[in-house]
Amino acid sequence: MESTTELPSSLIPNHGSWLRYLSFSLDHKVVGIQYMVTGFLFYLVGGVLAGMIRTELATPISDYLSREVYNEVLTMHGTIMIFLWIVPVVNGAFGNYLIPFYVGARDMAFPRLNAVAFWMIPPAGLLLIASFFIGGASQSGWTAYPPLSLRTPALGQLIWIFSVLLLGGSSILGGINFIVTILKLRRPGLKMMQLPMYCWAMLGTSILVVLSTPVLAGTLVMLAFDIVAHTGFFNPTIGGNAVVYQHLFWFYSHPAVYIMVLPAFGLVSEILPVHARKPLFGYTTMVYSILAIVFLGLIVWAHHMFTSGTPPWMRLFFTIATSFIAVPTGIKFFNWLATLWGGKIALNSTILFACAFIVNFVLGGITGVALAQVPFDIHVHDTYFVVAHFHYIVYGGTVFIIFSAIYHWYPKFTGRMLNEPLGMLHFVLTFVGFNLCFGPQHWLGMNGMPRRVSEYDPQFTLMNQVSSVGALLMALSTLPFLINVFHSAWRGRVAGDNPWRALTPEWLTSSPPPVENWAGAAPHVEHPYGYGLVETTP
Amino acid sequence: MSRQPSSWIPVCIGLIPNLFNILTFRASVITFLVSVGLILVGLAVGQRVDMLPLQASVNAPVYDELFQVLFSIGTMLFLGICGMLVYSLVRFRRPAGDLGDGAAIEGNLPLEIVWTAIPAVVVLFVGLYSYNIYERMGGMAPLADHSVMHAMPASDPGSGDRVWGGISTVSGESADLTVDVTALQFAFIFHYPDGNITTGELHVPEGERVELRMKANDVIHAFWVPQFRIKQDIIPGQPTVLTFTANRPGTYPIICAELCGPYHGGMRTSVVVHDRGAFDQWLTKNTPPVA
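Protein chains in written order, with the working numbering: chain L, 1 to 538; chain R, 1001 to 1291.
Just so you know, the hints here were simulated from the structure itself, not pulled from any lab data. It cannot be assumed that every hint is accurate.
To be verified - In silico DMTMM-like links for lysine to aspartate or glutamate, alpha-carbon gap of 20 angstroms or less:
{"no.": "1", "chain 1": "L", "residue 1": "Lys344", "chain 2": "L", "residue 2": "Asp63"}
{"no.": "2", "chain 1": "L", "residue 1": "Lys191", "chain 2": "R", "residue 2": "Glu1106"}
{"no.": "3", "chain 1": "L", "residue 1": "Lys191", "chain 2": "L", "residue 2": "Glu526"}
{"no.": "4", "chain 1": "R", "residue 1": "Lys1285", "chain 2": "R", "residue 2": "Glu1201"}
{"no.": "5", "chain 1": "R", "residue 1": "Lys1285", "chain 2": "R", "residue 2": "Asp1194"}
{"no.": "6", "chain 1": "L", "residue 1": "Lys344", "chain 2": "R", "residue 2": "Asp1098"}
{"no.": "7", "chain 1": "L", "residue 1": "Lys344", "chain 2": "L", "residue 2": "Asp457"}
{"no.": "8", "chain 1": "L", "residue 1": "Lys344", "chain 2": "R", "residue 2": "Asp1194"}
{"no.": "9", "chain 1": "R", "residue 1": "Lys1285", "chain 2": "R", "residue 2": "Asp1218"}
What the hints assert, rightly or not - Output of the computed footprint for chain R on chain L, the stretches with three or more beta carbons under 8 angstroms from beta carbons of chain R:
{"no.": "10", "segment": "279 to 291"}
{"no.": "11", "segment": "319 to 327"}
{"no.": "12", "segment": "356 to 363"}
{"no.": "13", "segment": "372 to 379"}
{"no.": "14", "segment": "413 to 423"}
{"no.": "15", "segment": "449 to 456"}
None of the values given here were measured: they were computed from a predicted structure. Ideal Cβ placement from N, Cα and C applies to all residues, glycine included.
Please build the complete structure, drawing on both the sequences and the hints.
Okay, structure coming up:
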């Protein structure tokens, strides 16, 4: 780190050239943008796959894709969206870009490890997509439950396992880097309780990553052994147990939901105070609620297994633990509402996406508390109700915040503003399309449509077509966004250093920032949310 | 109050702020009135909501009662939070050219205690209530009566050494009808040990307790009848018992709910609920003649 920060910018390879984004760059800002652009490209791939699913489901019969390919598509859609879009962007992209600014450092604690972590992603993603063309991708869903995953074509399943191991490895390296950066690289005198909330969110997320991802890695290695060497860990016909896999898988994959959602909680806590011109309400309780979510998030995994082979007392334990996550989550939502209350709210694309996040996530949270109740879950488990719930959390929640955050930080990334009318169009199309797509799926699930099917009872045709129209709107919504991002990069209004008059340290430097982040010493920010308390320069 | 014991919670919520001197009296009255409005709307919507399929088992009305309560509470919370959000966006919209800041309020401990308590109380209530529902569905029975658990393996045709209890309507009693279910890619096969009938369609008598002894041959499947509000995974190596009592004659879908391979979506059949006479007729008609 020392060597890069001391170098004059002219001596840094490819500095200022777009080629640096294709290099093994050690600059955390370059790595952050690398994560974001790579993640967005995979989002487009995952979106095309989602479009294929909704096209198949526009009619009740299985007529568009072959049944094997349909299962490959739904497996890849889930895997790509989770491991190559949401986790890398909401953690890797914003984390790498913002955390060093927030702690007052000039780079991450381990810049080389950081570059290694990023460069594991493109090969893993390309390998995963390539599996479509070399013998077919995995067909067993992103959950890869054995014995199904032991019986579907082995090559695709093994490539899937290898890719997810690489992506999990990348995530662990990133998590370690964030923990060390936040704990050890803080500017002298900067107290933990003065950190912007996104740091706390990333600290909590990284703890989850480091504790739970190795469990997934071990599980997938065992699954690979079952496929290659017929070890039978999870194969009941030779003495294994399929339910143990589910426990191990969800021990990672439930915390994975918080790995996708907690950073979004952090980002929205940065965004709302700036655009409402008010301090973040209840900083201390926000911090403790993140820690509570981290703890509770680790002890709720079996709520994915209520219809599986689970003893009744365990069902109850996991019901209670899961329900209680609503308490710290509720605190955060009430605090955000209180942050907006009495503010001076700018109704721009950033704040609209952030407020839509609140609406969507509250709905997803309500269905989440309902799903935590064993008797309720038994009927709707593994149906489109769960598909709807999950997308309300992960798309309606996290993806909306990713877009909100892009509108917020794009001026910092590029030095130019995004176009507001195009942003509004993007917002309206996304919000309407999203709710049309996933709203009806609640009804579908409750009335008898299971998930992961390529055909269904004709009585569900209308609602499925509504859902598919919604998906089409969501696909269209990416067009104004892409036009906006490319057009504004060259022709957008020049932003200046601090167009939002924000107080957090990334705005107290030029846009885009120099390699060393600040021309001089790191600024002293004691009140990152001190709106109305400290002077903000227009 | 009688039907929806949750109704007192929001009433209290409206009064708490004034008790702790957080809000002015006027604001407290408004909060109270809004809360009462939300409860009434929530209860009204919850009573009228009709989003679930036909009720065809004794489990179904119990399930739907839980659903109505959850829907009422959900409506109150959703409308309350979204209403406050939209109100804030309209009321506190920044006038053009205003470069000032909002009120520099960094927190309010009593207020935060209140809204920690609200979800805690709601969640506690929902948890206790759903435990009660779960017990009425017979979900806790295998735990309460271990003899049932241990008695089953001996008679289990799957020759497994363990039997996992599914959810049941009334447990601890012997079933009126026992059916062996085999799930395989991509069909359910039903075998009636009494009449030595094997069929791809389940037939059961109305109002009698049916016990399904389920096993899977290849991968995990799940047995789901939406109109009965029951679902149970069938896992290879783990023979599973599921009991239910159907109470409405008719034909309902049986759906596999766990991804089981390419034809997962086609893994569907029907359960036909007969009155007792019709069921006996079906039984005699289909029993193979003794050779």
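Structure-based check of each hint:
Our distance criterion of 20 angstroms between C-alpha atoms is broken by lysine 344 (chain L) and aspartate 63 (chain L), whose separation comes to about 53 angstroms. The hinted pair formed by lysine 191 (chain L) and glutamate 1106 (chain R) meets the criterion: a straight-line CA distance of about 18 angstroms does not exceed 20 angstroms. In summary, the hint linking lysine 191 (chain L) to glutamate 526 (chain L) is supported, as the alpha carbons are separated by about 9 angstroms, within the 20 angstroms threshold. Proximity of lysine 1285 (chain R) to glutamate 1201 (chain R) is assessed by CA-CA distance (about 15 angstroms); at most 20 angstroms being required, the pair is judged to hold.
Note on lysine 1285 (chain R) and aspartate 1194 (chain R): the hinted pairing holds, with a Cα-Cα distance of about 14 angstroms set against a maximum of 20 angstroms. For a cut-off of 20 angstroms, the pair hint linking lysine 344 (chain L) to aspartate 1098 (chain R) stands: about 8 angstroms separates their Cα positions. At most 20 angstroms may separate the alpha-carbon atoms for a hinted pair to count; lysine 344 (chain L) and aspartate 457 (chain L) exceed this at roughly 50 angstroms. Annotation: proposed proximity of lysine 344 (chain L) to aspartate 1194 (chain R) is violated, straight-line Cα distance about 75 angstroms (limit 20 angstroms).
Distance check on the hinted pair: lysine 1285 (chain R) and aspartate 1218 (chain R) sit about 32 angstroms apart at the alpha-carbon level, beyond 20 angstroms; violated. Check result for the segment 279 to 291 of chain L against chain R: holds, 7 residues qualifying (beta carbon to beta carbon below 8 angstroms, three or more required). Taking a C-beta to C-beta cut-off of 8 angstroms, the segment 319 to 327 of chain L contributes 6 residues in contact with chain R, enough for the three needed, and the coverage statement holds. Figure legend: the segment 356 to 363 of chain L, annotated as covered by chain R; annotation consistent (4 residues with Cβ-Cβ distances under 8 angstroms, at least 3 required).
Counting residues of the segment 372 to 379 of chain L whose beta carbon lies closer than 8 angstroms to any beta carbon of chain R gives 6, which reaches the threshold of three, so the coverage claim holds. Check result for the segment 413 to 423 of chain L against chain R: violated, 0 residues qualifying (beta carbon to beta carbon below 8 angstroms, three or more required). For a cut-off of 8 angstroms, the count of residues in the segment 449 to 456 of chain L with a CB near a CB of chain R stands at 7, and the three-residue condition holds.
The structure fails to meet hints 1, 7, 8, 9, 14 from the earlier list, while all remaining hints are met.
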